[in-house]
Every structure is written in C-alpha cells, then in structure tokens.
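> Here is how the chains run, residue by residue.
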Amino acid sequence: GEDVEQSLFLSVREGDSSVINCTYTDSSSTYLYWYKQEPGAGLQLLTYIFSNMDMKQDQRLTVLLNKKDKHLSLRIADTQTGDSAIYFCAVANQAGTALIFGKGTTLSVSS
Amino acid sequence: DVKVTQSSRYLVKRTGEKVFLECVQDMDHENMFWYRQDPGLGLRLIYFSYDVKMKEKGDIPEGYSVSREKKERFSLILESASTSQTSMYLCASSPLEGDTQYFGPGTRLTVL
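Residue numbers (the numbering used here), protein chains in the order written: chain C, 404 to 514; chain V, 404 to 515.
It should be emphasised that the hints constitute simulated quantities derived from the structure, not laboratory data. Idealized CB from N, CA, C, for every residue including glycine. None of the hints are false.
Beyond 12 Å from chain C on every Cβ pair, some chain V residues (computed): (1) 419; (2) 431; (3) 474; (4) 476.
Below, computed lysine to aspartate or glutamate pairings styled on EDC-like, alpha-carbon distance capped at 20 Å: (5) C:459 x V:502; (6) C:473 x V:502; (7) C:439 x V:441; (8) C:439 x V:502; (9) C:470 x V:502.
Assemble the whole structure, with the sequences as input and the hints as a guide.
Below, the structure written as structure tokens:
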C-alpha cells in the first residue's frame, strides 16, 4: 500500500545544517510537501516542490526530489532554535484524493 | 490568507458523552478533512468530504461520524466518547483533491 517513511528524530547544534529525509512508495502527486508543526499548534505549510523539479531553494530551505528513488529531503541551513519542531513530509495518494503524511521528524536544536 | 478555525483548542469530556468538534474554513475550499494525531503514529485520516453532504471514510473512521451541511463547515462527531479517543484532532481544507492542505490549530480532546 501507499506509505511515507521518515526518521523520527534529528538533533543538531544551532548554526549547523539539518537534513530531514523522506521516502514514499507510490504517489500521483503533482506537488510534494513539507509541513512544520510547532508545539501545541496545527500543521503549517513550509514549502513544496513540483514533481517535475529536482530542487527548490527558498531562503534557508532546500528541497531535493529524486523521483527515481522516491526520495524527498528538506535541508535547513544555519539551523536556529526556532526551527525546533516536528516536520512532516506529505504526498498525494495514488487516487489523488488525499495527502498521505509521514509520521513526522522531531527536530531538536541545541544552542 | 487561508483561515481554518476549530471551535475549541482544549476539550475535556466524560466517557459516553456525545462530542462535537467544529471546523470552519473561509476560502471556499471544496475538500475538508479530519485527522487525529497521536505520538508515534503521526496523522491518521478519519473522514474527508469533497462536497457538501458528501463524505468518505479515511483510515480510521470507527467510532466517528461527520456532517457537512454547508461548504465552509465540517463537523466531527464522537457518538459515545471513549478514553481511546483522547487525542489531538486536526481539521484541514484544500481547494482540490490531492492538493495543498491548510490546517486549523487543532483541538486537544481528553476523554475521562
């Protein structure tokens, strides 16, 4: 069945780069998404990449997409303590009716 | 900006009570979704709706029902709340199927 996998935890030091990885099985996604969830809050759309692109850069965020390997990654440059949150990868299901979310990666940034 | 609001941030109910969670979006989106979020399990889709009065079961619909009488409002109903339904409930909307979803702030429900 359709599935999205992410590692559950990542710990980095302030100022370092963070890389959060995601793999998916099948998707009809036109776009692939990264959402951010801060403690006690809902999910906020962070960035997305069009499925025919390999890379998208948006200030400190870089999204890489390898469609052949079905691998999506989010790189945060110069990670700050304010980046501490849960990050979710999401892709559309095969039917294109809904998004499938990974379980989320908890990013912990220490000063 | 898309705005999705949920009726309560925190809710405490007793076992057996009927519980209503309300969600309203102001962007005329066709699709609305209800998820629950539990530690280690991520987001799980309970129900979604792609039109007024239409509903589709998600991955874990048991113990829940939904109502969509108006396009902007999607309600999640727990007919007889149980302690296993203690969770964070998130509502989302999207303009098209499989498209970007916009989330509300969530309702943390505790069933005692």
